[in-house]
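Visitor: Sequence:
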Amino acid sequence: MRKQLLFFVTTALFLPWTLGAQSFPTISSGGAETWYSIYSHRSSKVINNAGIDVNCNAVAYDNTSDSQKWKFERVAAGTPDTFKIVNKTGGEFFYMTYQQVAAGEGTHVWQDDANEGEGGYVELTQDDIDAGELGTHNEVNSFVTATTGGTRFVFKNYADAPANFKFQLRDVDNESYVNQRLATDGETFCIYNVNNDGGNPFSVVVNSLQEIDDLADEFYASNFPDAPKMSTETNPVWYQINNLRKSRVFNLNDATAGTSVTIEPIIEGDGRDAQLFRFEGRLSSFRIVSKSGAYLKYAAGETPSEIIAGTSDDNSSFRIDRMTANTYKDKLMIYCIKPDGSATGVNGKHDYNLCLYDGTTDDGNAMSFIAEDYDPYVNAPKLSTPADPLWYMIKNVRSGYVLQYNEEAVQIYQATVTPELGDDRDLQLFRFEGAYKAGFKIVAKVGGELTSFTAESGGTRFQLSEGEGNLFKFIEKDAAAGTWAIQIDGSANGINAHNNNLEEVTTYSSGDAGSIWTFIDGAYNPYASAPKLSTAAEPLYYQVVNTRAGTALFYAPDAEDAKLYHGAAATTTGDVLDLQLFRFEGSYSDGFRMLLKAEEGAEALYDAETKGYNLTYEEGAGTLFKLGEKDAAAGTWAIVLADNASQGINADNNKPEQAVTTYNAGDAGSIWRFVEESEFSSTGTGTINAALRSRWSVANGSVSVWAESMNSVAIYSLTGATVCRKAASGDTFSATLSTNGCYIMQVTFADGSVENIKLLVK
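Per the working numbering, residue 2 is the first one in the sequence shown, and the count goes up by one each step.
The reader is advised that the hints may include incorrect statements.
Calculated cross-link-like contacts (lysine-lysine; reagent style PhoX-like; alpha-carbon spacing at most 20 Å) [as the list claims (entries may be wrong)]: (1) K564 to K656; (2) K383 to K442; (3) K332 to K478; (4) K727 to K759; (5) K564 to K533; (6) K330 to K478.
Label pairs and their in silico Cβ distance ranges [claimed, not checked]: (7) P226 to D562: 55 to 63 Å; (8) T740 to E176: 34 to 42 Å; (9) A456 to E219: 56 to 64 Å; (10) T149 to T325: 39 to 47 Å; (11) A132 to E176: 34 to 42 Å; (12) C725 to V195: 49 to 57 Å; (13) S30 to A160: 24 to 32 Å.
Honestly, the hints are just simulated from the structure, not real lab data.
Just so we're clear, the structure is a prediction, and the values are computed from it rather than from any experiment.
Here a beta-carbon is modelled for each residue, glycine too, at the ideal position from N, C-alpha and C.
Could you build the full structure based on these sequences and the hints that come with them?
Guide: As C-alpha cells, this is what we get:
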C-alpha cells in the first residue's frame, strides 16, 4: 500500500495540469458560468464586444458593462483542452480574415475556382482594377463577435509569468495568438504568430483592476527581491541609481522642467541631493522622483530619446526587469513605459545623458540601487598618515600586474609582483593619504606623490613628484571583490593600463574611469602557493595542467621535431607520466627553467622563429620563465617569458595534441595549475581506456573530462546521490569534488549514448 501511495504522489508531482491548468480562468460548464473581463497588458484596457461582425476593440475597464464580460466555454466533447470565448451580450470571439463591404470599395473578390477548386477570396490585380472590376470584401485580419462558430482557443502561459497573472490565448486552428494592436492601429485585436510577443499577454478581471495590480505586485515581489522599495511622499526612501557599466549614478543638478538627466560620479556632501531618487507606485509601474523635486520624464521625439526633468503633471512611468546580457545577466534594469505601451530600457549615452535603448542585452542598461546611507568606502584600502603608514601594492585585475616606480624612466609602469621584501618590493608600495570624499594623494614608499603629466610623445603618463601630487578618488566596481577604479579628481579619466602594452600606465582617452584595481598588503608573498623550486640534487616534479581544457604539457620523443605538446593528462605513474613531469630550477624573481623528468637535462626552450616551445639537450640552454598569478586561492598561474611578460605558454583549447606556442596579442597565455608527482600512485586515480570515447583525469579533487560531442556530465556518489550535473561546454568539462572517495561519472553524448566511469578521488 505504501508503494502505491508513493507512486501516486510522485506521479502527481510530474503532471503539469495539477499545478498549471487550475490557475487559469475557470471554464464555464453546465449551469455554472463565470464571467470575466479580459485585460490586455499592452494597452492596460479590456476586450470589448462592439457588436456582431464588428471589430472587437480595447476600452477602459467598466465593471458595469456586459459587453466587456466574457466566459470561457468548452467547445465540445472530444476536445477537452479547447474553449470558445462567449460575450455576455451574445456572440462568440471569432477570427475574421475578410469583411464584406459595399461594392467597389473592397480589395478582394470571391472566385469559385480559387484555393484548388474549393473557392476563396482573391486580391484584385491592378489589371482587374483598370478593367473596372469591383471588389466586394476587405481583408481586415481582426477579431469580431459572431453569432455562432467562435474560434477555438487554449490557454498558454506568457513567458515566465506565473499562471493567472499573464497568459496567452492561442488560436489552435490558425496556430497563432491573439495580439493587441498598438493605439495607432485602432486598438483592435489580430492574429500574430510569434510566441511571447509583447502584445500577447492577458489577464482576467472579476471585480476591479486592483486584482491585476495585486497580482503584479506578487509577481514582482517574488522575482525582484533586490529591487528598491517603493516610497510615498510622507515616507520617502532615497536611492542612488548606479549604471553598472560606467559606475556612475543618475544625476539631476537642475530640477527645471526639460533639463537632461545625466550619469555622474558619486557626489559626497552638500550636492548629493542631485543624485537621490525615490520610486512611487509599484515595481511594475512607478514614477521616479528626484530629491530636488522633479519627476523624471520620457522626452518624446528626441533622437535618441532622452530622460529629462518633468513636473508632477507628467505621467511617464517605469518598471523593473532583468538583463539578459552575458556580462550583466540577471542584473536589474529600468524600463521606460512609452505612451504607446511599449517599453524600452533606460541607458547612459557616451556623453553621459540618459537615453532609451531598444533591447535588454545592452550592458549599459544594467543598474543597481544604492541606499542613501550606504558607505561606498567600507571595503576600500585603509587611509594612512605619514606617522602611521599602511603600504599596498596596486594590482591591475585584468593583467595581474602591479604599479611600480620605474627608476630608469622616472615614471610609473606595471610589473609582476616582486616576490621578496626589500628595495625592489619598495618600488611597488604605495599608501593613501587624505580623505575618500574630498580626495586623497597616492604616496610612494621610495618617496614622492603620484602626479599626471603630458608626455612629449603625447598622452597622459604618471610620475612621482616631490611637491603636491594629484588628488584621486575611488569609484567602486565590485564591493564584494574589493575592486575599484582610481579616478583623477576633477576629471572623468583615471589610472589605466594599456591592454596591448601591459607595462604602460596612462589614462583612457574617452572619459573612462580607467582600469579596475585591487589592493594587496605590502607584506604579501605572491609565491606562497606556487610550485616549489628544485635543485638538480633535490628535484620536485610537477604535472602542468591547462585549467580550461584539462590537458597537460608533454614531450613526444618519437616526433620529428622536439616540441612540447599538450594532451591527455596522465593519471598513473610510469613512462607516460614521466613525459609530463617538470621541475623548476632558478628563482621566481629572476626567472626559472623548466626541466623534463623523462630526459635528463632537457629544458623547455623558446624558439623565436616558430614561436613554439622546443626541448633541447644542452645543459643551461633553456628559456627563463616567470609565473604570473591568476588565482592565489586556486593555485593557478600563467607561465610567461622572463624578458617579455606579455608572452606566455599557450595551449589551443580546441586542439589537444597540438604543439604549444605563445599567444601573440599581448596576453600572458593559458592558465595552468601544478600537480605534484607525489599525488600520483601506482593504483592510479583513474584510467584512460582506449575503448571509451571519454578521457579524464583526477587531481587535487579536480575532475577534468574531454571527449568529442559531449552533451552533459553527471557525477554520483556510490549511494546514488547526485553530486553535480552540468551541461558540457564543447569538448571539455571540469568540476571540483570537495570530498575524497569513490564516485560514478556519467558522460552523455549528443547522439544519446552514455558512458559510466568509476572515479577514485584521493
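Visitor: Indicate, hint by hint, whether the structure satisfies it.
Guide: Status of each hint after checking the structure:
1. K564 to K656: At roughly 15 Å apart (the allowed maximum being 20 Å), K656 and K564 satisfy the hint.
2. K383 to K442: holds, 13 Å
3. K332 to K478: holds, 14 Å
4. K727 to K759: holds, 18 Å
5. K564 to K533: violated, 25 Å
6. K330 to K478: holds, 16 Å
7. P226 to D562: 55 to 63 Å: At roughly 59 Å between Cβ atoms, D562 and P226 fall inside 55 to 63 Å, so the hint holds.
8. T740 to E176: 34 to 42 Å: violated, 52 Å
9. A456 to E219: 56 to 64 Å: holds, 60 Å
10. T149 to T325: 39 to 47 Å: holds, 44 Å
11. A132 to E176: 34 to 42 Å: Holds: the Cβ-Cβ distance is about 37 Å, inside 34 to 42 Å.
12. C725 to V195: 49 to 57 Å: For V195 against C725, whose Cβ atoms are near 37 Å apart, the range 49 to 57 Å is violated.
13. S30 to A160: 24 to 32 Å: holds, 29 Å
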